[in-house]
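Q: The lines below spell out each chain.
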Amino acid sequence: MNTTKKLTSALAIVAAAGLTTAAWADPDDDNLVINEEIEIVTETAAPAHMENVDTIYSGWRFRSDETQAVQMDDFDNPAMIFVEAAAEAWNAADGSEGKSCSSCHNDVESLKGVRAVYPKWNEAAGEVRTLEAQINDCRETRMGAEKWKYTGGSMAAMVGLISSVSRGMPVNVAIDGPAQSTWEKGKEIYYTRFGQLELSCANCHEDSYGMMIRADHLSQGQINGFPTYRLKNTKLNTVHARFKGCVRDTRAETFKPGSPEFVALELYVASRGNGLSVEGPSVRN
Amino acid sequence: MASGVKPRVKVPKKAAAGETITIKTLISHKMESGQRKNDDGSIIPRSIINRFTADFNGQNIIDITLEPAISTNPYFQFDSLVPEAGEFTFKWYDDDGSVYEESKSITVG
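Protein sequence lines correspond, in order, to chains A and B. In terms of full-length UniProt numbering, the first sequence has 126 at position 126, counting the first letter as 1, and numbering is strictly consecutive. In terms of full-length UniProt numbering, the second sequence has 45 at position 45, counting the first letter as 1, and numbering is strictly consecutive.
Bear in mind the hints are in silico, worked out from the structure with no lab data behind them.
When the alpha-carbon atoms are kept at most 30 Å apart in a straight line, the in silico BS3-like pairs for lysine-lysine are as follows:
#1 B/Lys-30 / A/Lys-147
#2 B/Lys-30 / A/Lys-149
#3 A/Lys-235 / B/Lys-91
#4 B/Lys-24 / B/Lys-13
#5 A/Lys-99 / A/Lys-112
#6 B/Lys-37 / A/Lys-244
#7 B/Lys-10 / A/Lys-232
#8 A/Lys-120 / A/Lys-256
#9 A/Lys-235 / B/Lys-24
#10 A/Lys-235 / B/Lys-30
#11 B/Lys-91 / A/Lys-232
#12 A/Lys-235 / B/Lys-10
#13 B/Lys-6 / A/Lys-149
#14 B/Lys-6 / A/Lys-235
#15 B/Lys-37 / A/Lys-149
#16 A/Lys-99 / A/Lys-235
#17 B/Lys-6 / A/Lys-147
#18 B/Lys-30 / A/Lys-244
#19 B/Lys-37 / A/Lys-235
#20 A/Lys-112 / B/Lys-24
#21 B/Lys-14 / B/Lys-24
#22 B/Lys-24 / A/Lys-232
#23 B/Lys-6 / A/Lys-232
#24 A/Lys-112 / B/Lys-6
#25 A/Lys-147 / A/Lys-235
#26 B/Lys-37 / A/Lys-232
Stretch by stretch, here's where chain A covers chain B in the computed footprint (C-beta under 8 Å, at least three residues):
#27 24-37
#28 67-73
Just a sample of chain A residues kept apart from chain B, beta carbon distances all over 12 Å, derived:
#29 Pro-27
#30 Asn-31
#31 Val-33
#32 Ser-219
#33 Ala-252
#34 Asn-285
Beta carbons are placed, not taken as given, at the ideal position from N, Cα and C, and that holds for glycine.
Isolated chain A, as found in the complex (with noise of 0.2 Å):
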């Protein structure tokens, strides 16, 4: 039995005998509808290689009415900004090739299921790409352009705008093959405390989601919902700066974004999700 479990007891006897407090709060019972039509999944059982985790939850759930309201509608949705940039960048050629994203892809639709099933296993260069690894082999070798910055801003709107195609499938990422020595780097990091404070990504988001860490809402760490437009940098947020702002807020010295353990943590994490959907360009606080 797990610690949220005990504790989730623990909070049935405390709110019998009446004394409920919001600090202990589970996810909500919401549902997430994006437009009237994408039907989002934001609860379902846990992938089969999650020993102690049952349900897996969207950070969605885990979020105020007012922030999950935002991401209901593409024009409440800030990150919609971002992505209608990113639509003007897939059209425009960049580099010494003369070409531009559309050039090859077409319509950005035809991406459509990519973002569910990034990192994954790339036969050529022998290595586990994420989307942003993908998107800069593509502009360097393909388009003779200059690479973007890993968490930089156009790297993440262009990233928003080939997950915002995918919304409502459900993440699947394969471990298995070539893939699973990185993802069993991933697992081992995931575990590992680091950090003055030596808290491991499981500590918080496996042990204690649902809890109050101060005045944040812990979830459970998913990463089905990026990139992130977060209330509090009003832009959108990579997977990996994320990593590195939790991992620095451990007091620990980060990996760097794009780095082979940011990558190899993103494929297990993103191993935690599978089932949920694709629900980025997501908003968060």
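Given the coordinates of chain A, assemble chain B onto it according to the supplied hints.
A: Below, chain B without anything else, positioned relative to chain A:
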């Protein structure tokens, strides 16, 4: 003109006569407050949208004054009565004198 400015409006295409509809507007704009300093310590000049108006068939329905503390990409949502078919006109006034316009027509039936 400030860079990256783009107005967006969401108005239902159709309404019943006399119905109250919800209008949503958003303009992407930096809304530089004039309070911030750049790296060499000098003040970044104020550059905001200072006024927003909406008209229906020439009649004003909302007129808003915006102040520097309003955050980036200002969003307004408001209700309007639709007595007849016609056109909504929206105007955003920039500090630099530019006026961004958008219009949406609505049918009654």
